[in-house]
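Chemist: In my numbering, the protein residues as written are 1 to 469.
The hints are simulated quantities; they were obtained by calculation from the structure and are not laboratory data. Take these hints with a grain of salt, some might be off.
Said to hold, decoys possible - Distance condition first, Cα-Cα at most 20 Å in a straight line; then the derived EDC-like pairs of lysine to aspartate or glutamate:
| no. | residue 1 | residue 2 |
| --- | --- | --- |
| 1 | K330 | D374 |
| 2 | K200 | E139 |
| 3 | K188 | D331 |
| 4 | K4 | D361 |
| 5 | K188 | E72 |
| 6 | K4 | E353 |
| 7 | K81 | E124 |
| 8 | K154 | D82 |
| 9 | K248 | E378 |
| 10 | K284 | D331 |
| 11 | K438 | E458 |
| 12 | K185 | D141 |
| 13 | K284 | D102 |
| 14 | K185 | D219 |
| 15 | K200 | E14 |
| 16 | K354 | E124 |
| 17 | K248 | E107 |
| 18 | K4 | D362 |
| 19 | K132 | D102 |
| 20 | K452 | E425 |
| 21 | K438 | E449 |
| 22 | K467 | E449 |
| 23 | K185 | D73 |
| 24 | K467 | D360 |
| 25 | K467 | D361 |
| 26 | K185 | D195 |
| 27 | K330 | D362 |
| 28 | K452 | E429 |
| 29 | K284 | D316 |
| 30 | K188 | D362 |
| 31 | K249 | E14 |
| 32 | K78 | E191 |
| 33 | K154 | D195 |
| 34 | K13 | D341 |
| 35 | K188 | D151 |
| 36 | K330 | E401 |
| 37 | K354 | E378 |
| 38 | K175 | D219 |
| 39 | K248 | D149 |
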Amino acid sequence: MPLKIHNTLSRLKEDFVPHAPGRVALYVCGPNLYDPIHVGHAFSYIVFDTVKRYLRLRGYQVRHVQNFTDIEDRIIAKAQKDRVTIEALAGTYIARFLDEMDALNVERADAYPRATGVIPQIIEITRGLIAKGFAYAIEGDVYFRVRQDPDYGKLSHRALDAMEAGARIEIDPRKEDPMDFALWKASKPGEPSWDSPWGKGRPGWHIECSAMNWVEHGDQIDIHGGGQDVIFPHHENEIAQSEAFTGKKPFAKYWMHNALLRLADDTSAEDKMSRHVGNTLWVKDALARHAPDAIRLYLLSTHYRTPLAWTDADVDAAARGLERLRAAVKDASPFHGAPRDVTLLQWADQTREKFVAAMDDDFGTPQAIAALHDLAREINRARGASAAAETLAPAQATLRELAGVLGLTLAEPESKMLQAAPFIELLIETRRQLRAAKQFALADQIRGELAKLGVVLEDGPQGTTWKAG
RNA sequence: GACGCCGUGGCUGAGCGGCAAAAGCACUCGGCUGCAAACCGAGUUAUCACCGGUUCGAAUCCGGUCGGCGUCUCCA
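Construct the complete structure from the given sequences, taking the supplied hints into account.
Modeler: Rendered as structure tokens:
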């Protein structure tokens, strides 16, 4: 069975066949560096991190490129407001971005090109487009001539004439068509600028992605990803520029767009999370409240093309579900009573099949997660029946591996009570002796008092363990 | 106005023409335990928004209604 991917271009699920067998060129839209990222961004990056991990499980060699847009109107404005250079501003947010991605177990991309790093190529593409009649220069600006591109609108499925009716920005009378967009903008005094054949200026908003793709991947790529909010105009324009410049179609074979995360606010109205609207939850704040695994499990529990409204209560519910998966991969029982049982192995194999079938269908993470829960239950059941370690281990390895495809570590959360550990162990030992002496009232008191301090004791056949509650 | 998306048990959320409508959270009862927790088992909440149609058969397809949402040069 082939992997199927929903392609925004065709609005259909298509069999995935990359240009080069076994290799995938993946480009994911990265952040504009004028602010930290919020969990909506993180959702997109987690989705495509999962896509990448799954492609690898499917045997593909993936080259993943993610851009940093470090020159743009808002960045310039923010840098001026903060009285720093755009380089310094970008550097600050890039460092923070990488830290936050690491924390969320989002694998690093193979390359992180920056818009300001591809200025010569941007100029080259712009010149090429002018030479081919796809662009024109006016007073230091260069615009793309949308009427020259008969395919314009094919990604967002819009007709040029229909769009003009809804245009709500002031029309620049110098442009041949209101929909023509800037490839290069003449710089205003005090703004960062680069020399070009059209005078001092800087890139428009869309051209940098065409240039970075061209530099990192070449004329054509396999998968281009991003949020649904950048389908138009950003990706539409990117296609127009790239295909007009290289003459090769399609620029990207599969366009994947994740639905937008919403944030339920106090009035219970749910709006798209957006830096412009102001209803954002910074990744940093989300990480302060929730474990990375819980955040990922929560975000992936809905299909990536279905809108999701973030609530802390739902993330907490996901965290409790995560506990079951964690419990299943804990150390196997050291008892050797039961014979090695093949039933559990069959469950593991079946889970792998269900997982792959779910992910093959346009990355069906909700069903993939359900399969993981099914396997966890079987493992726990087998352990409850005193299954031997060698029976549990292969199934646990499968669970770990598949959870890993979703970027879940299943690691115990870092204890904030490491300092207290020796004292807790001491209390546990004291309590063990009390229990041995049937002094249950005192033993229960210790357990109860520790619980109040956020330490949960669990008595098992092999003794008592504790965790931060 | 144009182009789309969504409405499934208390909550989250799969399924998208035909096995008893996944899975998680919550809840109830039972097992295990000195008692708990964790885990396991059993179970309760579903007129699949509403109306009509197509079909042997629809949550799933078609038409309409109501409600919610996205994009239409700020946006992951």
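Chemist: A separate judgement is required for each hint: does it hold in the structure or not?
Modeler: Status of the hints after comparison with the structure:
1. K330 - D374: Holds: K330 and D374 sit about 16 Å apart, inside 20 Å.
2. K200 - E139: Cα-Cα ~11 Å, so holds.
3. K188 - D331: violated (64 Å)
4. K4 - D361: holds (5 Å)
5. K188 - E72: holds (13 Å)
6. K4 - E353: holds (16 Å)
7. K81 - E124: violated (32 Å)
8. K154 - D82: violated (40 Å)
9. K248 - E378: violated (51 Å)
10. K284 - D331: violated (32 Å)
11. K438 - E458: holds (18 Å)
12. K185 - D141: holds (5 Å)
13. K284 - D102: holds (12 Å)
14. K185 - D219: The given pair, whose Cα atoms are some 24 Å apart, is violated under the 20 Å limit.
15. K200 - E14: violated (45 Å)
16. K354 - E124: violated (48 Å)
17. K248 - E107: Distance ~31 Å between K248 and E107 Cα, so the pair is violated.
18. K4 - D362: holds (5 Å)
19. K132 - D102: violated (43 Å)
20. K452 - E425: Judged against 20 Å, a Cα distance of about 17 Å means the pair holds.
21. K438 - E449: The hint holds at about 19 Å.
22. K467 - E449: It holds: about 14 Å lies between the C-alpha atoms, which stays within 20 Å.
23. K185 - D73: It holds: about 11 Å lies between the C-alpha atoms, which stays within 20 Å.
24. K467 - D360: Distance of about 37 Å is beyond 20 Å: violated.
25. K467 - D361: violated (38 Å)
26. K185 - D195: Status holds; Cα separation ~11 Å.
27. K330 - D362: Answer violated: K330 to D362 is near 31 Å, above 20 Å.
28. K452 - E429: At roughly 19 Å apart (the allowed maximum being 20 Å), E429 and K452 satisfy the hint.
29. K284 - D316: holds (17 Å)
30. K188 - D362: Roughly 46 Å between the alpha carbons, so the hint for K188 and D362 is violated.
31. K249 - E14: Answer holds: K249 to E14 is near 17 Å, not above 20 Å.
32. K78 - E191: holds (12 Å)
33. K154 - D195: Violated - the C-alpha atoms of D195 and K154 are around 34 Å apart, more than 20 Å.
34. K13 - D341: violated (40 Å)
35. K188 - D151: violated (33 Å)
36. K330 - E401: With a Cα-Cα distance of about 14 Å, the restraint between K330 and E401 holds, given a limit of 20 Å.
37. K354 - E378: Since the Cα atoms of K354 and E378 sit roughly 15 Å apart, the hinted pair holds (cutoff 20 Å).
38. K175 - D219: At roughly 28 Å apart (the allowed maximum being 20 Å), D219 and K175 break the hint.
39. K248 - D149: Holds. K248 to D149 sits at ~13 Å (cutoff 20 Å).
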